[in-house]
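Whole structure, please, built from the sequences with the hints as guidance.
Protein chains in written order, with our numbering: chain A, 1 to 347; chain B, 1001 to 1347; chain C, 2001 to 2347; chain D, 3001 to 3347.
Since the hints were derived computationally from the structure, they do not count as laboratory data. We treat Cβ as the ideally placed atom computed from N, Cα and C, and that holds for glycine. There could be a bad hint or two in this list.
Below are the DMTMM-like pairs computed for lysine to aspartate or glutamate, each with C-alpha atoms no more than 25 Å apart in a straight line [stated by the list, open to error]: (1) K3347/D x E101/A; (2) K1258/B x E299/A; (3) K2347/C x E1140/B; (4) K2347/C x D1017/B; (5) K347/A x E3140/D; (6) K1247/B x E176/A; (7) K1135/B x E1055/B.
Computed list of chain A residues with no C-beta within reach of chain D, every gap over 12 Å [claimed, not checked]: (8) T20; (9) A31; (10) R38; (11) S42; (12) W56; (13) Q159; (14) A190; (15) G192; (16) P213; (17) A265; (18) D338; (19) Q343.
4 protein chains.
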Amino acid sequence: MSTFGESHGAALGGVIDGCTPGIEMPYEAIAAQLARRRPGQSAISTQRNEGDSAEWLSGIFEGKTTGAPIAFIVRNTNQQSADYEALKNVYRPSHADFTYEQKYGIRDYRGSGRASARETVARVVAGTLAEAILKREGIEMCAWVSAVAQHELPFANQQFTRSDVDANVVRCPDAELAVKMMAEIEQARAEGDSLGGIITCRIDGVPAGLGEPVFDKLHADLGKAMLSINAVKGFSIGSGFEASRMKGSQHNDSFVQKEGKIATATNHSGGIQGGISNGEPIWFRVAFKPVASIAHVQETVNQRGEATELSVQGRHDPCVVPRAVPIVESMTALVLLDHLMRQRAIK
Amino acid sequence: MSTFGESHGAALGGVIDGCTPGIEMPYEAIAAQLARRRPGQSAISTQRNEGDSAEWLSGIFEGKTTGAPIAFIVRNTNQQSADYEALKNVYRPSHADFTYEQKYGIRDYRGSGRASARETVARVVAGTLAEAILKREGIEMCAWVSAVAQHELPFANQQFTRSDVDANVVRCPDAELAVKMMAEIEQARAEGDSLGGIITCRIDGVPAGLGEPVFDKLHADLGKAMLSINAVKGFSIGSGFEASRMKGSQHNDSFVQKEGKIATATNHSGGIQGGISNGEPIWFRVAFKPVASIAHVQETVNQRGEATELSVQGRHDPCVVPRAVPIVESMTALVLLDHLMRQRAIK
Amino acid sequence: MSTFGESHGAALGGVIDGCTPGIEMPYEAIAAQLARRRPGQSAISTQRNEGDSAEWLSGIFEGKTTGAPIAFIVRNTNQQSADYEALKNVYRPSHADFTYEQKYGIRDYRGSGRASARETVARVVAGTLAEAILKREGIEMCAWVSAVAQHELPFANQQFTRSDVDANVVRCPDAELAVKMMAEIEQARAEGDSLGGIITCRIDGVPAGLGEPVFDKLHADLGKAMLSINAVKGFSIGSGFEASRMKGSQHNDSFVQKEGKIATATNHSGGIQGGISNGEPIWFRVAFKPVASIAHVQETVNQRGEATELSVQGRHDPCVVPRAVPIVESMTALVLLDHLMRQRAIK
Amino acid sequence: MSTFGESHGAALGGVIDGCTPGIEMPYEAIAAQLARRRPGQSAISTQRNEGDSAEWLSGIFEGKTTGAPIAFIVRNTNQQSADYEALKNVYRPSHADFTYEQKYGIRDYRGSGRASARETVARVVAGTLAEAILKREGIEMCAWVSAVAQHELPFANQQFTRSDVDANVVRCPDAELAVKMMAEIEQARAEGDSLGGIITCRIDGVPAGLGEPVFDKLHADLGKAMLSINAVKGFSIGSGFEASRMKGSQHNDSFVQKEGKIATATNHSGGIQGGISNGEPIWFRVAFKPVASIAHVQETVNQRGEATELSVQGRHDPCVVPRAVPIVESMTALVLLDHLMRQRAIK
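Structure representation (structure tokens):
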């Protein structure tokens, strides 16, 4: 999968190469996931209306994939580049303005250009197609918001559905916690500030044997995929950072027999051992920083290095984490499908 | 870089392709880093004597790299395969025995085969060569043990040298904490148990502009590299999981002018913004689980799924984290050199 | 570079990733090369009017490349899918109908789908951009038709310009031969038949040192690129197949000094030795088969394996070789730029 | 597959990654193919005794592949580096001496370093393993010398076995032609000169559907693989360069029904249409230049650009083509296995 496009260019999109042929295009699922990613879906998300509807250019015939590259674009319709003219010579703190300019010697200062979270639209489109293929193999995934600021829902082998998750706008399937999170987000918005959070993802039905043993360990590829999402600062598989405080005798997952199959009694491994899936549910956590665009007045410098002040106007989420849920699911699907295909190739 | 070899096969090794020609081979630095990785270096590490000395097969002429692939092997001399005969039909908990067998339908049960941490010898050899090339560009890195069990040294922009780090066998540059960590490790050993921990790595001198903006973000590639190391369960860049509890106004790194250059006042970003280095020190954390091989009696099943008990004898570290320090440094060097070369290519 | 799109789908296009930033977009050169590739440019080429004008979607800001992926699409406007309804269940001889169906189990029977030469539009767009970057380094390339049927212009170190080549519609810079070729093509058209031919390409200004020594030899990558063009059946570098009839003493290119530089007296090597450019002009030949779509009545089978007759109507060139000249140049530019970037990376 | 090693370094070898697990190692077949590649096997080949026996380092357990990387080395035992001291500052015509030095700024002048045909030992080892896997799928290949100098055996759908091919030392299965070729080679040797030739390869049993439709066409990858072999100057699939002189009505391969299957009446396509195998035998030709090392006195320059004379002593074949037969077969096997695995991945 490759993606292209800037937030304020003509369009963004992607090309999916090497897709299994003969797959019924999951147009509805794609629309549903795009709707979950879209800004403006609730009071707590930004009011931009991006109207993300994909235009399919190739690789599909009579509603099915043909095996040829599938290209799609999403037009950028609601661009307000003028919003950004003021930012032309100023580096927004913790944005990619400065680093892009250092890397390329040139910067598209409209919106965040290529660094915009708009790019993730293409990931959701491709990932939802991947998910449809995985479903045929019995692999299903569900992600949810497990923390906003200090409010955290620990993982205890819960299995949620997307309706559980979407029961509230903050996408935390614990109703009480969700109320607290929403209040916290509302307060941040009122203060012109932003909040971070954590997403937990669980995947069921992954057969044992996916993942490569050394560099391309399954959780290493999942980690890379998650860390490639905007605003992500950390990734952990299974027990994660807590493992660093545990003893081997506590952490080891004993093998047992369950319903005639070899299984593990606990799942600190997160469903992956030695880089390869063991047939247990895979689960991992992804940490998001608070979004960098805030109304708060901040100190920064301009291109000449002179100190200046900045207050980012425009329409920005105080907490992007709920909208990132379908992105996490989509990137998960892309990684799993890739490893499923690799495993088929050697058999 | 590609690696090969099992812990109890004839040899393991690696091939480094695309290396800059004309580099003086850093034989001493490689020996030094291998010595830091080696088991048996101190009372707290395993007493196997692996005598890791690399044999160079190609790509070097008159002490310099020629640009041709550099191949090296390290013979496995101290193999006690007999130790493992008893494990032939039993799955050790939280090892890769079960998953390898599921993936390949065949398993080399001597030692951990390909899943053995012996494989990281090749990474240290290649990484130290990469480090030598990076040093010519003014890029230097240093990792240290920042946590063992509950004892943790928070990151506060400290800059350590390798002598600071090697001042004690636990490789924690805080002398007081190191004493506590060592006591904890000794106790775990006495109990036939094992401990996890955290390594923090800091890199100085990275020019702004390294890293790709979307899928191959610099921290995504660093994360994948770290998660590919045996026993790693989590990775975080800069503020990491703590970012999920911060507000945007706290977390954003203001741009300021320092000594005539644009810099940031704080460094929650960990030296990377939008996936691209910003010229500040890069820092990240890597969480290790407690090693799975413990003398404790554990419950498991054999290949027929029958319950059995297991106590892993053999010579194993109660805490591998100190020995993982040069591995973290080596993987860091490989990722950075790769991105340095990518950046040169587009200029 | 990746491409997508079928001849009769919504659009075709490509994505160019990793492009040098700050390059002035060569819009005119792209239009010029597309015009040379376009059907309907002369009496001897097909009368379809594809109106290939690229729509640029991303990666360009204020007329310059930004370093972000450059996506472009070309709409398919002049589709006559009805032409193809009759071919739905029949395999056209020496087309890809049968093989696509075998590979994917599904076939887009409109036009030739993904196998259509329309796909090369994307190659010409990307290749011309690559050419613009190469020109800044003093690298220039020119291809011409050196054979149609039995009429052949041997290579004798001639250096032609594109105006020389475009002096006649057959794109053979030898005026007399061109007249014979045109007559041959006219006759084939009259007979409802088609002709093959050869294109020779010469590249000047390539610095010594491009190309990898083993698998990715410069001429191996050029060969792969040429063989990936529709209808190509052979590739040879320098002396090519004639080398098989020569003696070493004839074939070896003596080194000599020319104008203070080390050069070769002859150039049977075609500018590449041991897979690496030696600073001499690079030259190679590409053999094209006669186009498979002919009006002649042919025998074939349908999907049920029943014998049937077929006469491909529609608008097809009796000889595609003249239109393939800019495609050869474009693929050459992509390969050279790739190797130029690889060489920069190791320095 | 990656390879490493110079002709006069410690060893050369390769690493095969991603090999199907559970394959019985074809040790005998590998030894047999190495013997066919080895110098000194007959009066017409060089008298060096390379004693190529592979040492296996990893990826094999109890005689079977485990799925882990398979590394092997072949020691260089019969090195006479002193032979080459005289060549230290001189560029041998049509060798890679000059280009390596231009590329890397450093040159291993012993033998031809990395450019030596010794590197192909690793290809033969890996390729013969690939061949063993392909055989299980019913895919078999056989290459032969179809031309030496002006003596040529045209392809007319002949199917030969390796015993047919090895019936004479020149590996041309036409006995009469073989005699002429041998006489020609003997004469070249007597004159201190060398000869080129052509190898034809035929593959049977390839299922329809292998190969990618655009850049990675099956014949494009075969072409690249062949062009990456030392001394190869040209590649053609099926009708090849002759196609450029044919008419569409002659060249098109009509579909017919044969024994209940869809087949083609002729096979100008060489078993590949639109880049994808069609189930017919695949056949292609590879042109080799006369070997560059000749005893003839030649003019050249030294590193300072001064004219000098050179007569390459040492032990070199007057015609390497017979020894290249197993190399062509091995590279063919590697490409086909790669595409077989790609095809499995999408199913």
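Ascending list of hint numbers which this structure does not respect: Failing hints, ascending: 1, 8, 16, 18 and 19.
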